[in-house]
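J.: Construct the complete structure from the given sequences, taking the supplied hints into account.
Chains as they are written, first to last, in numbering that gives the first Met the number 0: chain B, 0 to 361; chain L, 0 to 347; chain E, 0 to 333.
Please note that a few of the clues may not be correct.
Stated by the list, open to error - 25 Å max Cα-Cα, derived DSS-like pairs, lysine-lysine: (1) 146/L x 230/L; (2) 319/E x 132/B; (3) 126/B x 319/E; (4) 126/B x 136/B; (5) 132/B x 219/B; (6) 288/E x 180/L.
It should be emphasised that the hints constitute simulated quantities derived from the structure, not laboratory data.
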Amino acid sequence: MTAEQHGTANTTTAMTTDDPIIEIRNAAVTYDGGETFVLDHVSASIERGEILGIVGESGSGKSMFADSLLDAIPDPGRLSGEILYHRDDGTTVDVLELSDDELREFRWEEVSMVFQGAMSSFNPTMKIGGHFKETLKAHDADVSAGMEFGRELLSDLYLDPERVLDSYPHELSGGMQQRALIALALILEPEVLVMDEPTAALDLLMQRSILTLLEDLQEKYDLTMVFITHDLPLVAELADRMAVMYAFQLIEVADREQLIGNSGHPYTRALLNATPDVEAPLEEMRPIEGQSPAPINVPPGCSFAPRCPLATEECRVEDPAFTRLDSGHAVACHHAEDAREEIALHFDRHEDSIPASGGDEQ
Amino acid sequence: MKRTEEDDPRTLVTDGAGVDWRGSSTSSVTVTREERLREIYEESVRKPFIVAWSDSRTRLGLLIIGFYFLIALVAILGLWREPSTSQAPRYLMLFENMNYPLGTTASGTDLAALIIHSTPDILLMVTSGGLWATGIAVFVGTVAGYKGGSVGRVLMSISDFVMAIPGLPLVMILAITFNPKNPILLGIIININYWAGLGRSIHSQVLTIRENNYVEASRTMGVSTPRIILKDVVPNIMPYVTVNFVFAARYVVFASIGLFFLGVLPYSDQNWGVTLNFAYSGGALFSWSAAHWLLVPMVAIIGLSIGLILLGQGMDRVFNPRVRTRLAGESESTAAVDEKDTGMTEVL
Amino acid sequence: MSNYYVRRTARVFATIFAVATLTFGLIRLLPGGPFTQLRAQLLRQGVPASEVDARIANLQNINPNAPLWQQYLDYMSSVAQGNFGESISLGEPVALIIAEAVPWTVFVVLVSTILMFAFGIFLGSLQAYWEGSRFDKAFSGLSIALMSIPFYVVAVISLYVFAYQWGWLPTAGTVGASVEKELSIPFLLSALEHSILPIFSYTLGGIGGQALAMRGNSIQVLGNDYVRVARLRGLADRRIATRYVARNAILPMYTGFLLLLGFRLSGTVILEQIFSYTGLGYYMFAALKANDYPLMMATFLVITVALIVGVYIADLTYSKIDPRISAGGSDEAY
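T.: Structure, rendered in structure tokens:
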């Protein structure tokens, strides 16, 4: 597949939103000078104030997507394309064009990030409070006012501010560290919070409570959130819109309701059916046969074709373009309509009976 | 590059050319003896060797050590003349007379003969010292770590005590007391308390290993303690032990030659340290013309320790999860333990 | 927690006690036992045979004819009072000899160990910073080469070149023979001049190991997520280099530093011999050669106590310095 193909494909109306805060155009990440891509010319837009959930297996490129939003691809990866950020005041910048200093300001002040594994995100030999202070100082913010805000954030997250700020990371539990990290990400009042598997290392109960807290935060501070996870049911509880990644590309984007109940991509439907559900009879649980491809052997044509029950010759030859299915629902599949008919969703779809979370591929 | 293949670092832990060091400890009992042997060979001999060989430092280290074994073979087969006084003109320089390529000493002894005929004993000594240190350390470390409780406490107290005795002075006293001539015994005496520090760090590693599921499984299945230690625990620390065997061996080289040089160890045998001592006390310090007399044994010593260190470094790189985690992006906090240990091997 | 400190301190005394006992036993292991040599020596000096035992008892605070347990008690109680008897070969109180020797040894070991760590940390962090560069490869090779050279080889070569051949530096001793032993500029200069070669030889070989350790630690720290997060948070490179990378990479080396100080004391047995540097190690070896058991045992004990105290300080302070480690460690949990 080529960049051009995707470029044109992705600028369809399906992908535009009314008031985007970030528009990703043809973002591609390569580690070998363009031979293979670990983020394969992805375009998407993120609506101001929404919670966008991005779902994908391990190794589907979803972390690359998250890193791209801050132009923070780990070395020696190279990111190309455009990441357009629309400020509050109506001006627009391309994140990839920012100078080092501008980028330093942009990160954390405009777009901030929470990584998976809070334990490894804190300096083990520095107190939590030190992390807050140095961040404020590095951005020339008012430290005492900033720390006051930090305390408020920590309280919002049901933490005891004084105790947490005066603790070393290892003195806190995993859930506390994760919440402290979220507070640290919000200390400079960013517009967008990107979260890459923020709850992966936590137990189910803690995952739930963090999700609730995130919803509250989003409301209180009017945040735009990008929530990246492998756990479809988990993000389905939280997200306004959802996107599915497979083999380094976005394959389906839709409102939550649409994506859960009426998805058009065979992979999304298979993913939904592979999700453990306490109530689902065992024989209906369908693991997805085969493995997702590594970057060096993404097949020509549709990358899901080798595992797809509906794959035809067309799929193996031609990479499906991202096309609009319904309003606000886009999918990259030649047989989206067929998929809806031929792949039945096994769970009983009520208004709020999203399958129980806890789908673990790890 | 870590993020190219996996989003989840946990899945990368088995990286490192795919060697699974846990082996087949809990595999089913129905495998035949032959299959098991073949598997053991595959898992503990062939694969590690391939991994080790892939590192250029290990390769060079092995070549150097192989060369010393070759020299030892030359000595054992008697392919080079025995050293004796007045067998050649005095103070021949390096390559001055190709019959005596490494030159001769003040007493007209062939330096090459001195070096060559010292090699077998030195290799024996180095091996026995290394085996002794690592063997005791593995025994004490695994038993204390796995058994824990009062057994563990007693063993660790003993290690602490042994660690507290200064090695070199103790060895000197023992050497004078026992006057050991046997190179194997000598190796053991030199590393008489080397095992303690190593045993301590093995102990703390075993403390975490014993909490692993498969060890717990073996325990609930009623497998005997020695068997669990041998089958489930030891394979896990083998890489670490191998690396430290090399370091213990290097310590023997340094210490023994130092002590021969001081004249603490018996002079009767040929040894590079003795040669060095004779050169030193025989006036080689005062004139350039005898410089080679000092230089030749030094090069022999340094060569062997370079070989050992390259081997250790290379294997460390292959085995050590701390170095490997750079790729995996996940870290274990064994750092303190490791440092303590490398620290001690730096004494000489 | 305080319980741990009490136990740890008690263990120091227990260990010192045990080592003192061991030294007592070791003397009796040695060929001929502790007194044969002394007897012969006294007889040669013309002391009447009937008085020999009394003289020995006077010199060593031990009555050679008393039962072993009595000898042991006498020995232990005099050691506890800092009384190590009188040196046989030098005819001076052992405590006096040691008091004069210790400062020289401590000076050389302390300075060389600090230099070794300073250079090692500096080189290692540069290597990690430029990981994979030509500089890194060259210095990794150099580090391995340095690790492979025993310090006594460096000592002999530097003595050969700088002292004997070029005559830049003195060949032996702690200060010049003509210099008054008082605190003055000439004295300090002379002391410095005499210590250069011992310190140099004892430092050089150790740099390699420390550089490799620092390099490995730094590379590991650099690969940690918290460094990446710190960059994203916009922290200055300088702060990341010092507060994040250096701090987390150096801290694990702290215990090694204190342990090495102790261990390197025993290495002076060889070092000081080569430079005829009259420190602890020099006297230990001299005593060993002269069968001067009181002096030998005292030097042995002093080195041991230094070692034990080093480990003790390391254990107690590490948890204060590195917040990740809790005092007592996991070792004692079971």
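J.: Could you grab the alpha-carbon distance between residue 132/B and residue 219/B and see if it respects the 25 Å cut-off?
T.: 23 Å, holds
J.: Hint check: residue 126/B vs residue 136/B, CA-CA at most 25 Å. Holds or violated?
T.: This hinted pair holds, its Cα atoms lying about 16 Å apart.
J.: Is the hinted pair residue 319/E and residue 132/B satisfied, with a Cα-Cα distance of at most 25 Å?
T.: Holds - the C-alpha atoms of residue 132/B and residue 319/E are around 22 Å apart, at most 25 Å.
J.: Does the structure keep residue 126/B and residue 319/E at a Cα separation of 25 Å or less?
T.: 14 Å, holds
J.: Against the 25 Å threshold, does the CA-CA distance of residue 146/L and residue 230/L hold or violate the hint?
T.: Holds, at about 15 Å.
J.: What's the verdict on residue 288/E and residue 180/L, does the C-alpha distance respect the 25 Å limit or exceed it?
T.: 19 Å, holds
The structure agrees with every numbered hint stated previously.
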